[in-house]
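Chain order of the listed sequences is A and W. According to our numbering, the stretch in the first sequence is residues 1 to 345, in order. According to our numbering, the stretch in the second sequence is residues 1 to 268, in order.
It is worth saying that the hints were derived from the structure and are not from the lab. We put the beta carbon where it would ideally sit given N, CA and C, even for glycine. A hint or two may mislead.
[Unchecked claim] Derived lysine to aspartate or glutamate pairs resembling EDC-like cross-links, with alpha carbons at most 20 Å apart: (1) Lys92/W with Asp272/A; (2) Lys245/A with Asp278/A; (3) Lys86/W with Asp13/A; (4) Lys91/W with Asp338/A; (5) Lys229/A with Asp303/A.
[What the hints assert, rightly or not] In silico contact screen, one side only, chain A against chain W (beta carbon under 10 Å); selected entries: (6) Arg10; (7) Pro12; (8) Gly73; (9) Tyr78; (10) Phe84; (11) His86; (12) Tyr99; (13) Gln221; (14) Ala223; (15) Pro225; (16) Phe226; (17) Lys229.
[Said to hold, decoys possible] Estimated spans, in silico, between C-beta atoms of each pair: (18) Asn6/A with Gly181/W: 27 to 37 Å; (19) Gly181/W with Leu124/A: 18 to 28 Å; (20) Lys71/A with Phe184/W: 53 to 63 Å.
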Amino acid sequence: MIRIENLCVRLPDFSLHKIDLRIQTGEFFTLLGPTGAGKTVVLEAVIGLVPVSEGRIWINSRDVTRLPPEKRGIGIVYQDYALFPHLTVYENIVYGLRYHKKDGKKTGKNLDFIVDRFSLRRILGRSILNLSGGEMQRVALARALAVDPSVLLLDEPLSALDPNFREEIREILKMLHADTGITVLMVTHDFSEAQYLGQRSAVINKGRLEQVGTVTEVFHQPATPFVAKFVGMKNVFPAIFEGRKAYVANLRIELGCEESGPKKYIAIRPEDIHIRGDKFPPGTPNCIEATVSKILNQGFYSDVIIESAGIELRAIISSSSLFRMNLTEKSLVYAAFDTSVVHAF
Amino acid sequence: MKLPNWRNQALDPLIWLTVSSSMIIIAFILLPLFEMVFQSSLADLRETIRDKDVIQSIRLSIYTSVSAALISFLFGTPFAYLLARKEFAGKKFIESIVDLPIMIPHPVIGIAILSIAGKNHWLGEIMSSLGIRIMGSVTGIIVVLTFVGLPFYVNNVKTGFEAIPVRLENISRSLGASAIGTFFRVTFPLAWRSMVVGMIMCTARAISEFGAIVIVAYHPMIAPVMIYQRFTAYGLRYSQPVAVWLIILCLFLFLLLRVFSIHKKKMT
């Protein structure tokens with residue numbers, strides 16, 4: 001278990017503000033955020049590499065806030081692998097064993113299991129300078145796990161890999177967590193990784209936590225405009241709420257239910273907005289007439305930005321639909337979205 | 001692979017300017033040295049190397065310069081590590097202090113060292129009570145050579161430490177190694193070539209020192225002082241063979257430096 005209480009870190013050019021997180025034993029937790037948000041600083045504070053100004057860090061009910069990194073029992077894997085270039089694959093994997101002796105004997109009873117699990121046996125004698133990205137990341141994971149840490153921290157372990165290796169390592173991480181049940185805290189800027197691997201997630205921005213919840217909650221019910229945009233809800237607007245309706249500038253939007261509590265914004269995913277050249281059937285909710293202001297070709301699909309009643313909405317349509325509808329800028333289109341896809345917060 | 005089109009490049013005035021400037025500089029460095037080497041006959045060189053005073057001065061030059069490099073290694077390595085790894089108030093100022101010996105005129109260095117080594121200074125008094133003599137002694141020569149060579153060692157090793165990703169040290173700590181253990185198992189094996197190159201540069205710089213030595217310790221004579229003494233007492237012909245032997249020594253150091261530098265580049 002990892003418990004972070006009121007954590008503040010003050011560095012010359014960056015600060016973390018009152019981070020509170022509780023990661024349960026055996027949980028795969030992802031910390032999401034854009035570059036420079038403070039994800040790695042959180043990891044380095046947990047492992048003891050940056051000085052903590054305020055707050056406490058607990059690992060399995062042990063307060064480790066003032067302990068040096070080597071006394072915390074935490075493994076870390078960086079995106080750039082950080083393998084020791086002067087050592088072979090085997091020497092890298094067993095590097096930490098001499099510091100983890102039990103009753104005068106080295107641990108590492110699961111070394112054979114790890115070597116086989118990560119398919120490293122045939123490359124044990126090789127220099128790490130001749131390995132592929134995927135092999136390097138497997139060695140880095142094996143090295144971290146060889147000392148049997150109670151917690152594993154992953155700093156964007158998939159970011160530096162090309163797509164083939166990324167899928168391979170992602171599968172390995174999933175299996176590893178299922179096999180060992182180790183507590184994992186992974187930072188990433190890629191929400192799809194969190195969806196695939198994580199059980200719960202937190203989103204951090206400018207050194208502050210924006211939201212903590214299950215991956216589904218964060219994805220479907222973002223708590224702030226930042227989180228909404230981060231998880232792909234490109235259409236986020238301040239709104240005025242009246243019963244089952246919300247007003248964004250002059251646009252009236254019907255909601256699925258009457259919103260209770262103070263709400264300030266609505267958000268709609270671009271993939272939930274349907275566009276067609278002719279009118280929708282009468283009774284279709286949230287049906288608007290709009291003008292195409294921009295079309296951004298993204299390869300297999302296109303982002304279509306439409307304007308109606310003074311606001312711009314972003315929708316996604318497939319390239320074939322775009323071709324079939326013969327859309328160009330200034331085209332008149334009809335857009336509609338269901339009341340259930342409008343998220344108010 | 002497509003070969004560069006030299007015909008087109010030759011027409012470029014910038015190429016002409018760079019090539020001609022380079023040739024002038026290389027000639028400027030090599031011409032006096034070649035001239036000096038070829039003006040000394042083999043017989044003169046043979047006779048000089050049999051001269052006990054010359055052998056003694058070259059031996060002393062090597063001994064004092066290598067001593068200066070070893071002292072730089074002992075004290076300069078932790079200092080370079082601190083500069084490479086830690087951010088602290090006044091760091092730029094400290095880095096400037098390290099470079100001071102490169103900028104100060106060398107006789108001034110000699111005078112400065114003597115001013116604290118004399119009996120009218122508390123430090124000089126302590127050294128005197130411990131039987132340590134600076135003026136006119138081998139110890140004095142080593143102190144001066146360490147003073148002038150240290151910046152070359154510290155700057156080179158600092159660059160070497162900076163080239164090692166700090167994440168390697170972080171990983172080592174997370175795997176259970178202490179800070180000291182991490183230094184000896186990760187940092188040192190990756191930085192030792194920088195240290196060797198730094199020591200060679202420090203030795204090379206120390207071997208060529210004259211201005212500060214002539215103030216602090218004219219005797220016992222190191223090779224540059226011997227060359228100066230031969231030149232002033234007997235003229236150019238008698239100083240040249242000693243100078244040639246010193247150049248050969250410097251060339252050997254230069255070759256060592258190149259060998260280690262090439263290996264260092266391969267490692268990175």
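Verification of the hints:
1. At most 20 Å may separate the alpha-carbon atoms for a hinted pair to count; Lys92/W and Asp272/A exceed this at roughly 56 Å.
2. In summary, the hint linking Lys245/A to Asp278/A is not supported, as the alpha carbons are separated by about 25 Å, beyond the 20 Å threshold.
3. Distance hint between Lys86/W and Asp13/A is fulfilled; the C-alpha atoms sit about 15 Å from each other, no more than 20 Å.
4. Of the supplied pair hints, the one linking Lys91/W and Asp338/A is violated, its CA atoms being roughly 61 Å apart against a limit of 20 Å.
5. A C-alpha spacing of about 15 Å is found between Lys229/A and Asp303/A, which places the hinted pair at or below 20 Å, so the restraint holds.
6. Interface restraint check for Arg10/A: the shortest CB-CB distance to chain W comes to about 13 Å, outside 10 Å, so the restraint is violated.
7. For Pro12/A, the shortest C-beta to C-beta distance to chain W is roughly 7 Å, which falls under 10 Å, so the interface hint holds.
8. Checking Gly73/A against chain W by beta carbon gives a least distance of about 9 Å; that is within 10 Å, so the hint holds.
9. Hint on Tyr78/A holds. Least Cβ distance to chain W is approximately 5 Å, under the 10 Å limit.
10. A cut of 10 Å between beta carbons decides the hint on Phe84/A: the least distance to chain W is about 6 Å, and the hint holds.
11. Taking 10 Å as the C-beta contact cut-off toward chain W, the hint placing His86/A at the interface holds, the least distance being around 5 Å.
12. For Tyr99/A, the interface hint holds, since its Cβ comes within 10 Å of a Cβ in chain W; the closest pair sits about 3 Å apart.
13. Restraint check, Gln221/A versus chain W: the minimum CB separation of about 35 Å is more than 10 Å; hint violated.
14. Using the Cβ-Cβ criterion of 10 Å, the hint placing Ala223/A at the interface with chain W is not satisfied: the shortest such distance is roughly 33 Å.
15. Interface restraint check: Pro225/A against chain W, minimum CB-CB distance 34 Å, threshold 10 Å, status violated.
16. Given hint, Phe226/A at the interface with chain W, is violated; its Cβ is 29 Å from that chain's nearest Cβ, farther than 10 Å.
17. A least Cβ separation of about 31 Å between Lys229/A and chain W goes past the 10 Å threshold, and the interface hint is therefore violated.
18. Separated by about 32 Å at the C-beta atoms, Asn6/A and Gly181/W satisfy the suggested range of 27 to 37 Å.
19. The supplied range of 18 to 28 Å is met by Gly181/W and Leu124/A, whose beta-carbon atoms lie about 23 Å from each other.
20. The supplied range of 53 to 63 Å is broken by Lys71/A and Phe184/W, whose beta-carbon atoms lie about 19 Å from each other.
Hint check: violations occur at hints 1, 2, 4, 6, 13, 14, 15, 16, 17 and 20; the rest are consistent with the structure.
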